[in-house]
Amino acid sequence: MKASPYLVLALVLTVCFTLATGIEPRASTWSDRAKSNNVFSMLFGDGRRLFANQFFTMADVYFHSGYYPSVFDLREEGQKEIVAESHGHTDSPEDEIKEDFLGKPKDWIDRFGRHFRITKHTHLESGNEREILPWLRLAADMDPQKIETYTVGSFFMRTHLNRPREAEAFLREGLRNNPGSYEILSELGRLYDENDHDTGRARDVWQLALHKWAKNPEAVKDDKLAFEEITVHLAQLERGAGNWPQAIHWFQAAQKVAPDPNALQQRIDEIKKTMAAQTNAPAAVPH
Amino acid sequence: MSIILKTEKLRVEFTSHEFRQTTKIALDSLDLEVNTGEVFGFLGPNGAGKTTAINVLLGFVPPTRGAAYLFGIDVRQPIARQRIGYLPEMTYYYKFLTAEELLRFYARIFGLPRTEADKRIDQLLKLVELEPARKRPIKSYSKGMQQRVGLAQALINNPDLLILDEPTSGLDPLGRMQVREIIQRLKNEGKTVFFSSHELGEVETVCDRVAIINQGELKASGRVSDLVAQHHGNLEKAFLDIIGYQTQSAS
Amino acid sequence: MNTIWALAGVVIKELYRRKDFYVLFVLTALITIAAGMVNFFNDPKIVRYVKDICMLLIWVSALLIAIVTTARQIPAERESRTIFPLLAKPVTRWQFILGKFLGCWLATGMALLVFYVFFAIITGSREQYWPWLTYLQAIWLQWAMLAVVIALSLCGSIISAAPSSTTTICFIAVAGILLVGGHLNTVALHQAQPLQTIFYTIYFLIPHLEWFDIRDRVVYDWGLLNWLDCVRATLYAAAYTGLFLLLTWLGFRRKSLNT
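Residue numbers (numbering that gives the first Met the number 0), protein chains in the order written: chain A, 0 to 286; chain B, 0 to 250; chain C, 0 to 258.
Hints were generated in silico from the structure; no laboratory data involved.
Just so you know, these numbers come straight off a predicted model, no measurement behind them.
PhoX-like, lysine-lysine: derived pairs with alpha carbons at most 25 angstroms apart:
#	chain 1	residue 1	chain 2	residue 2
1	B	K5	B	K23
2	B	K94	C	K18
3	A	K220	A	K255
4	A	K255	A	K271
5	A	K211	A	K255
6	B	K138	B	K94
7	C	K18	B	K138
8	B	K5	C	K254
9	B	K125	B	K186
10	B	K125	B	K142
11	B	K236	B	K218
12	B	K134	C	K12
13	B	K134	C	K18
14	B	K94	B	K134
15	B	K138	C	K12
16	A	K211	A	K223
17	A	K255	A	K272
18	B	K218	B	K8
19	C	K12	B	K94
20	C	K12	B	K142
21	B	K142	B	K94
22	B	K5	B	K186
23	B	K8	C	K254
24	A	K119	A	K103
25	B	K118	C	K12
26	B	K118	B	K134
27	B	K186	B	K118
28	B	K94	B	K125
29	A	K223	A	K255
30	B	K218	B	K5
31	A	K214	A	K255
32	B	K23	C	K254
33	B	K125	B	K138
Computed beta-carbon distance windows for the label pairs:
#	chain 1	residue 1	chain 2	residue 2	range
34	A	L49	C	L26	21 to 27 angstroms
35	A	R171	C	Q127	29 to 35 angstroms
36	B	S15	C	R17	34 to 40 angstroms
Heads up, the beta-carbon is just placed ideally off N, CA and C, and yes, glycines get one too.
The shape of chain A in the complex, shown without the other chains (with noise of 0.2 angstroms):
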């Protein structure tokens, strides 16, 4: 008996289907790497981590126009190491450029092949700050737990490029991959504060932020700088609200963990101060 070649076919292509719509729901649960809507995890799974580090690297390095030492240039002994541009954010190694790394010209070889190379310390600025993103937005991808991504990416943003409500996107999506971040937190302060002038949203943030640091064993062990910086800016909110009583209480919280309470001292001095000629003025007043 001689089978149609299409009937055949058809009975192949049942089978599939048969077997298809039995085994789909068992091999949903096998892994959760194909249902990913993140390209990378779907290609990468976890080890798509290791390539975070690079894309934030590669930030600093369109952050430098190209200038950035390599592997090679920071085996280099004896060389002084620069803050690239931090603001405050972060002090990791990525951050982090060696001025002058290339140092003097060891050979005709190297002095030659300096006139192709770029050979000057810049930062990006009138905007085109903006080159840095496509990096970090790739560093996110590929690492959602990597915080400081979130905050220089926000940073650049709101400040530079003057693009809060993407900076607040960006640091919502930090903060729905990391929840328990205060260090997002703060900045998500700092944007209510600084960009939208949204005191209360601020505050309550801000609260937030401190609530989560103090929940965190290894922050209030470690990060005692975090604390300091979230006070102050409570401090410096409840003073430009008037509120003096909570500017310094917030002063003084501060103060417990600063390195330089003096500081401090002197900004609380002054609130007095001022909450004093506050008082002593309708009595000024003559009758």
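Once you've looked at the hints, dock chains B and C against the given chain A.
Leaving out everything else, chains B and C in the frame of chain A:
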């Protein structure tokens, strides 16, 4: 009648570097002379040294000893090859070119002016009956068509001496007859043809003189009719006698 | 010279009739266009990453075209036996090598031109800015570097008959020089003898192809390179090209070609 091709005490040794160093003598004291205007058959069993001798004549292999001359010029000089045409045994020409482009490329190598090259290409494509396929890429050609395009390239410079290495090898009877006809036509035009072959029938048909070599040594040379007469039979019998092959019936 | 041009013409025809170039060009174009269409934080002015990706693809594609095309030239001539009717004509082996070199170099240059025109259109359409002279310097220096790479590949194809092994070795050598070549002196400083001497010797012997990579200057808009330095780099590339071609000829001139 002048000598157009000559070898003198030609010796070629090949040294193998694999496993143990061994030396093989491919040609030993080969003396050949081919005169202007004759069709010369170069015969020998497989591995006799025919292709090696042709390789020396074309400068592909340097002789270990002795010398070879074309038109009286040492073959090591490229200019010795200015007036020759060569058809190798089975060549797959640049597949991405058409027959016309291939011939134009070789014409440029000989420095033929454009108009002359065009004329010559038309003539040759007609001669080898590839006119209808001139614009088709060579990769679409049959084996016989490839051999004929090879013959056309060998004739592009209107050579005085044509060296053909097994020109009918791998061709069907019709293809073999076409090649034979072309050789005959070239002979009538006064060209000198030097060709190696296994096909004794076609050698007997078209050659004036032959040389027979075996194991790198020249065993016999002379007019076809003289050799046939000496060995009381046809060229095949003469050939087998000369290389020392004993048929079963004879033994 | 006519012979050399004729030989070069065949190589050029081979490149544009084979599919390698088109595949690489389409791949480069697709990746660049796809990368350019990604929206980063609703800012359409972001352009440098597109330039960077496109330039990287151009560099990889050009190296592939140059090495793969060159590495197969002589082995393919021998395998298909076209070398025999060719060298049976009044063609010297030096002319043969020069013809092959010139063909590969011109063919790669034509491919490079197509790639750079695409690059200029894509980046120019985004930033409305065409620094032609910078592009000219970039393409020229890259082409000069490819001359060295092609001569090196030709030399490799004389030593190794298999195009695949020649391609792999040349690609590793060129990538190694581009990535590490300029830092070998730094690496040597941290080595004990005799490694230090070995590293320094390699450093002073290899052609410094990394000089010709001025992608960063194009991507980050650093402006024009000093023209005199361009001329010096060109002379440097010409010297190394000549050296490799000479080595190729020395290896090929007495080589027995058995049919």
